[in-house]
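J.: Please build the complete structure, drawing on both the sequences and the hints.
The sequence shown begins at 797 in this note's numbering and counts up one residue at a time.
Hints were generated in silico from the structure; no laboratory data involved.
Some hints could be false.
[As the list claims (entries may be wrong)] The following label-pair restraints were derived from C-beta to C-beta distances:
no., residue 1, residue 2, range
1, Glu871, Thr900, 48 to 54 Å
2, Glu898, Ser854, 52 to 58 Å
3, Arg858, Leu890, 53 to 59 Å
In this text the structure is predicted, and so the values were computed from the model without any measurement.
Cβ coordinates follow ideal geometry from the N, Cα and C atoms, glycine included.
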Amino acid sequence: MSANSQLTMAVHALCWLELAARRGRPSLTSSEIAASLANNPVQVRRSLGYLRDAGLVSVTGRGPGAGWTLARLAEAVTLFDVYDALGDTGPFALHAHDPNPECTVGGGIRPVLESVYDGVRDVMAQQLRATTIADVLEEILANDKAGSGGRDF
797 MSANSQLTMA VHALCWLELA ARRGRPSLTS SEIAASLANN PVQVRRSLGY LRDAGLVSVT
857 GRGPGAGWTL ARLAEAVTLF DVYDALGDTG PFALHAHDPN PECTVGGGIR PVLESVYDGV
917 RDVMAQQLRA TTIADVLEEI LANDKAGSGG RDF
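T.: This is the structure we're talking about:
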């Protein structure tokens with residue numbers, strides 16, 4: 797099983813947009829964002845569409861060359877805002893189908909795990925609410941040992 801990386805990709809894209817804005821590029825195309833993510837522009841547009849619907853990013857122009865920009869200050873966008881915009885349900889999922897209700901474990905596992913998972917979600921949400929896009933980018937820049945700032949746009 798692999799973990800869902802949508803949140804990581806979305807936070808990466810938002811940090812890239814913020815860095816671009818700080819360096820004088822008010823917007824980036826899906827292709828430019830995808831290059832940083834080493835991902836497909838179509839996948840990037842899909843993720844950014846959720847963020848646009850939540851008011852976290854906006855699009856400038858239409859068609860080829862249209863650009864994406866942060867719709868709010870990076871200091872005002874928490875990782876929970878991003879998580880919530882993506883409609884994520886948490887790090888764990890229950891069975892895809894109901895387990896055997898005649899089985900001792902199968903009949904009782906859901907309520908027990910739901911309680912545990914709710915607790916995990918609460919702690920996770922608290923941490924995500926305490927961290928902004930600006931916080932993530934500042935830490936990235938502080939850890940940029942070479943000082944190069946990486947690849948430009």
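J.: Could you tell me which of the hints above the structure violates, numbers in ascending order?
T.: Number 3 - this is the single hint that the structure violates.
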